[in-house]
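Trainee: Chain residues, written in single-letter form:
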Amino acid sequence: MSSYHLDHLQYLETEAIHVLREVAASFERPAILFSGGKDSICILRLAEKAFRPSEIPMPFLNVETGHEFPELIDFRDRRAKELGAKLIVRTVDDAFAKGLATPTPGQVSRNQLQIPVLLGAIEEFRFDCCIGGARRDEEKARAKERFFSFRDAFGQWDPKNQRPEIWNLYNARVNPGENMRVFPLSNWTEMDVWEYIQREKLEVPTIYFSHTRECFRRGGQWLPVPPPHATNGQPDVYAGARPTAKEPLKTMVCRVRTIADMISTGMIDSPASTVDDIIREVAAARITERGTRADDKASEAAMEDRKKAGYF
Amino acid sequence: MPHSQHPIELLRFNTCGSVDDGKSTLIGRLLYDSKSIMEDQMEALERSADITGGGQVNLANLTDGLRAEREQGITIDVAYRYFATPRRKFIVADTPGHVQYTRNMVTGASTANLSIVLVDARLGVIEQSRRHTYIASLLRIPHLIVAINKMDLMDWSEARFTEIRHQFESFLPRLDIKDVKFIPISALNGDNVVERSGHTPWYEGPTLLGHLESVHIASDWNLQGLRFPVQWVNRPNNPTDKTLHDFRGLSGQISGGIVKVGQKILVLPSGQRSTVKEIWTCDGAVPEAFCPQSVTLQLEHAIDCSRGDMIAGTEELPGVASEFEAHVVWMHQRPLVPGKKYFLKHTANNCRAVVTALESKVSFDTLENETEPPAQLALNDIGRIRLKTAKPLIFDGYRTNRLTGSFILTEEGTNHTVAAGMLEGPSELYKPEYTDFAI
Ligand SMILES: Nc1nc2c(ncn2[C@@H]2O[C@H](COP(=O)(O)OP(=O)(O)OP(=O)(O)O)[C@@H](O)[C@H]2O)c(=O)[nH]1
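Taken in sequence, the protein lines are chains A and B.
Numbering-wise, the first sequence is residues 1 to 312 according to this note's numbering.
Numbering-wise, the second sequence is residues 1001 to 1439 according to this note's numbering.
I should point out that these hints are in silico values taken from the structure, not numbers from a laboratory.
For glycine and all other residues, C-beta sits at the position ideal for the given N, C-alpha and C.
Hints are supplied without guarantee of correctness; some may be wrong.
Going by beta-carbon spacing under 10 Å, a handful of chain B positions derived as facing chain A [as the list claims (entries may be wrong)]: (1) D1040; (2) E1069; (3) A1079; (4) L1139; (5) F1171.
Pairs of lysine-lysine residues, derived as DSS-like cross-links and limited to a Cα-Cα distance of at most 30 Å, are as follows [said to hold, decoys possible]: (6) K201(A) to K1242(B); (7) K1431(B) to K1260(B); (8) K201(A) to K1431(B).
Let the hints inform the model, and build the full structure from the sequences given.
Mentor: This is how it looks when you write it as structure tokens:
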């Protein structure tokens, strides 16, 4: 191989940097969705590569369900501070308070409710573009996604009528009120993400590594037992997400493979305590990372339906 | 940028061919036989097989990710899939077969190093086979595999295979594809896909995957003639670091050639000259960089240069013009008519453009131009046009450089992407006026 040659990670990196710079040059008010998860950690590293020595020219946005892992929130806040970025957080609880969303009776998961919160934040800050860390290999509706994915004034995705996307000539044109979702990691696999984390020596939240945790069995998954209800007179946000007497408990040596919130993240048995261990584990895995997500199990088109409504 | 211990190459390919030629089945087969299908995906397939497929697992459902696609059993939009073998990583674009969705086929093919055109052995070459092969050639995809599928239904007849091969060879000379391989397969049963088939003792070539793993792609990028479209100007605001006070970086992705520190360059279209002072990356300065790396250049002189400008080497100069000839694939229901204005995007440049003439249209019966110049180009037509831009573009013919020779047109108002365009080479190259002049 000649020395003028990129390996697969370098190729994916240069493609993603090009995408990020197109966003900075083409939109007036872009934002980066930053959850603290492994994919958005890669996005931040790529943003540093795209924009340094300047500041990263866009704020970070995170939509909280209120059921977050505390480790993740700490990590998110610290990373944003280290990078000198502005972090905007909007929560499902705020949206309830403002009447932008209403709790679904009988439904504990607030996954769906992230949609109105996200769309509310887009409107509030008049973001014309949101950069997300979604990857095509995660899920088959995502496999259909463009790098520059157009959303109409209602935040809707029209999968049967996407703009053709040819070469690296991204069509960034939107009218006022419309919005673009941009996915620089479109072509990355779970393995690529971990290999990149390894190569770039990126820090990730501790819940990706093996630790001991109290879990309970529900819907074919081991879900983490939520933190105790604070005795402050407020209603229990985890009501319904706590183990019932019928659901078996287990103290597990486990980690997360993909992170949603505490209610929708299945823990996997794993002794992996370093990035190298995780890479070995991913290489040998026989189920997909989304196999541990309760939110995707609803139906074959669960993701497609959420995306059409404005989800990431 | 650091190199990994085991550099693994990435090959991007797409599958095309007519409806029901077996594209989705083939990809399902490649994923299945290379052990890239996970248990939960398999379970989901089996669940849907019980519900809709009379118990028969349909490998095509792996890539048909939209509800409408599964319901109709057709592919509407490109699905991207990823798999790896110990030798290579692959990005697969499963592109639709229906003429109606040709624009999505072009989307999937535009970034491919290799195209697989599937042919149903029972039907032989049909219009879609010619159309997709023509598009692969127009897009200058360097490698082509013609996979003659459903050979199980033709009793693995060598004569049939040879006959179809000859049908292809009769029109290939009119096209511009150098590397073509013909492979007899059964996507459904897996013959010659990953494992060599016992049914084809007469076939001596590689299996499909064997070929994907070994085809030579290292030289697919253009390393001749520096082209650096300036994408974003990097000027730190109020840097706390004093050494950055005068930092003025030009960020972009190298679209051709190699750039070196100390190299003399031209900023086009203004024609100003300078020298590369530093190639800045987040991981530290580097002495040289090459296509398609993304870097930030600092020049010796503080000259006016911003997004849309092109930095080029002083040799192997690009063309500069505001009138062009080009091939376009038309991608919208509203036809292309001469005189209409569009937005054009070329490298990092956006400007208005007007189509001044329609010169010819390709017939997919003959792969020749139709005799009469067309009055319009309709959805999925491919033709040759003339156009004029509101400002000069710095460009190469698409033949020489896919990145600096391509453009898209978008419609004003709706912002739909309506055309993919490939420029003809310049009739005149940029002429530097004073060869020794430096600022
Ligand atoms: N006998 C036989 N049948 C095949 C073979 N390959 C595919 N088929 C069948 O042909 C039909 C169409 O296959 P698909 O893979 O869905 O076709 P496609 O090319 O993806 O079609 P579109 O997605 O609509 O463009 C299915 O019923 C397959 O089972 C083969 O090698 N032999």
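Trainee: Under 10 Å, Cβ to Cβ, is where L1139(B) needs to be relative to chain A, so tell me if that hint holds or is violated.
Mentor: Since the shortest Cβ distance to chain A is 9 Å, the answer is holds.
Trainee: Mind checking the CB of D1040(B) against every CB in chain A and telling me if the closest is under 10 Å?
Mentor: Holds - the Cβ of D1040(B) comes within 10 Å of chain A, reaching about 4 Å at its closest.
Trainee: Is the straight-line distance between the alpha-carbon of K201(A) and that of K1431(B) 30 Å or less?
Mentor: violated (47 Å)
Trainee: Using Cβ atoms only, decide whether E1069(B) comes closer than 10 Å to chain A, and label the hint accordingly.
Mentor: Result: holds, 9 Å to nearest chain A Cβ.
Trainee: Tell me if the interface restraint on F1171(B) is satisfied: Cβ within less than 10 Å of some Cβ in chain A.
Mentor: violated (25 Å)
Trainee: Once the shortest beta carbon distance from A1079(B) to chain A is found, is it less than 10 Å?
Mentor: holds (5 Å)
Trainee: Does K1260(B) sit within 30 Å of K1431(B), going by the straight-line distance between their CA atoms?
Mentor: Between K1431(B) and K1260(B) the Cα gap is close to 22 Å, so the pair holds against 30 Å.
Trainee: Starting from K201(A), check that the Cα of K1242(B) is at most 30 Å away, please.
Mentor: Judged against 30 Å, a Cα distance of about 28 Å means the pair holds.
When each numbered hint is compared with the structure, violations occur for hints 5, 8.
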